[in-house]
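Following the hints, complete the assembly by docking chain P onto the known chain S.
So you can see what is in the structure, the chains are spelled out below.
2 protein chains.
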Amino acid sequence: MKKISEGTISRLFTYLRELEQLADFKIPTISSAELGERVNLSDAQVRKDLSYFGQFGVSGSGYDIRKLRDRLAKILGKDQAWQVAVVGAGNLGSALLSYPGFRLRGFKLVAAFDSSPEKIGRRIKGVTVEPMERLGESIREKGVEMAVITVPAGSAQQAAEQLVAAGIKCILNFSPTSLMVPAEIIVKDVHLCREMETLSYFLQHRR
Amino acid sequence: MKKISEGTISRLFTYLRELEQLADFKIPTISSAELGERVNLSDAQVRKDLSYFGQFGVSGSGYDIRKLRDRLAKILGKDQAWQVAVVGAGNLGSALLSYPGFRLRGFKLVAAFDSSPEKIGRRIKGVTVEPMERLGESIREKGVEMAVITVPAGSAQQAAEQLVAAGIKCILNFSPTSLMVPAEIIVKDVHLCREMETLSYFLQHRR
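So the protein lines, in turn, are chains S and P. Residues in the first sequence are numbered from 9 upward in steps of one, following our numbering. Residues in the second sequence are numbered from 9 upward in steps of one, following our numbering.
To be clear, the hints were calculated from the coordinates, so they are not data collected in a lab. Glycine included, C-beta positions come from ideal geometry on N, C-alpha and C. Please note that a few of the clues may not be correct.
Said to hold, decoys possible - Now the stretches of chain P that chain S is said to cover, found in silico as 3 or more residues with beta-carbon under 8 Å: (1) 77-87; (2) 94-100; (3) 110-123; (4) 149-156; (5) 195-201; (6) 206-212.
Chain S on its own, in the form it takes in the complex (with noise of 0.2 Å):
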């Protein structure tokens, strides 16, 4: 398989969440063109995305929303749930320790580390605070594959050298820097602002 960029991951997602609301309605099929433009992206757009993953279409009459559907869960790791643990204790991490949406989804928040004495021990919605000592031996034992690391920037290339040294291939950084990790490691930087960013061009049409 072509190796994908995660602007494509993205988009497959957005296609497979517009999929699952057709396939809920009982449609059963829908061309590269309806479907672009129910995500606001050009037909030639999603005939390349989805042609990385082989021949989805039925020529005449689209694609087939369920068969499709069931595809990209599979692709995308969706069909499955995922062990993740959070690195720092603090307000951002306990923040999504608490957050519903992501059991909902597939994401088993199991693990929680800190480096404070006051945070360790903590319990916070059923996950107890371990220190920092305890991140690989504590991974291992309770199989988590992905971590999120919500510490301040300056312990921040700490923690991913701990996670890596556990075996973790995946993480989230929500910490306001760019980590240095071996090539075969998964880092996705997430900038919170960047939600915000999409407001201010209405805002700025709306004065």
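Just chain P now, kept in the frame of chain S:
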């Protein structure tokens, strides 16, 4: 101007970030195909998105990078600062108030509100948490134009109604509930899971 979608706006921000980097390297022009390749979108998609705003391209030599960057920044409202209020001073609200990235990107978090007596009066990064009863008055005094809702699902609708009554036109909603607001109000729902989802694809393909 035609009404453009959130998806398009989000892509325009992607182009803008890319153009800012290219301009820093003093590169003068770029074709739609090259720009598309850098951000992993098709040539046709780039041309379609930019065509909403008139002709940016120079036939034969592509887009003038600095001109396109400045036009996009203006269109997207990135050439100025916005005053933002946070409703809900719990874990997520406190995390947002403490996040250094917002101010760098032109968002000034200048007000915070909560209904809980233990939170009212607290100072978080220079912002004093005010009672919900002060919301309208404080928003007008401070010239707030955008608000972020981080209260639990059960309180989100009431918070939205107070914001609308106070004249707020744009709301970023972190609460896991759909808000009912008048049609002219723009609400953007933030799904903290979306960022994590792209990682599940990579995990799936590493096992």
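A quick look at each hint next to the structure:
For the segment 77-87 of chain P, the assignment as covered by chain S holds, since 4 residues bring a beta-carbon within under 8 Å of that chain's beta-carbons and 3 suffice. Under the rule that three or more residues need a Cβ within less than 8 Å of chain S, the assignment of the segment 94-100 of chain P holds, with 3 such residues. With 4 residues bearing a CB less than 8 Å from a CB of chain S, the segment 110-123 of chain P meets the requirement of three and the coverage assertion stands. Residue count for the segment 149-156 of chain P with a Cβ under 8 Å from a Cβ of chain S: 3. That meets the three needed, and the coverage hint holds.
For a cut-off of 8 Å, the count of residues in the segment 195-201 of chain P with a CB near a CB of chain S stands at 5, and the three-residue condition holds. For the segment 206-212 of chain P, the assignment as covered by chain S holds, since 7 residues bring a beta-carbon within under 8 Å of that chain's beta-carbons and 3 suffice.
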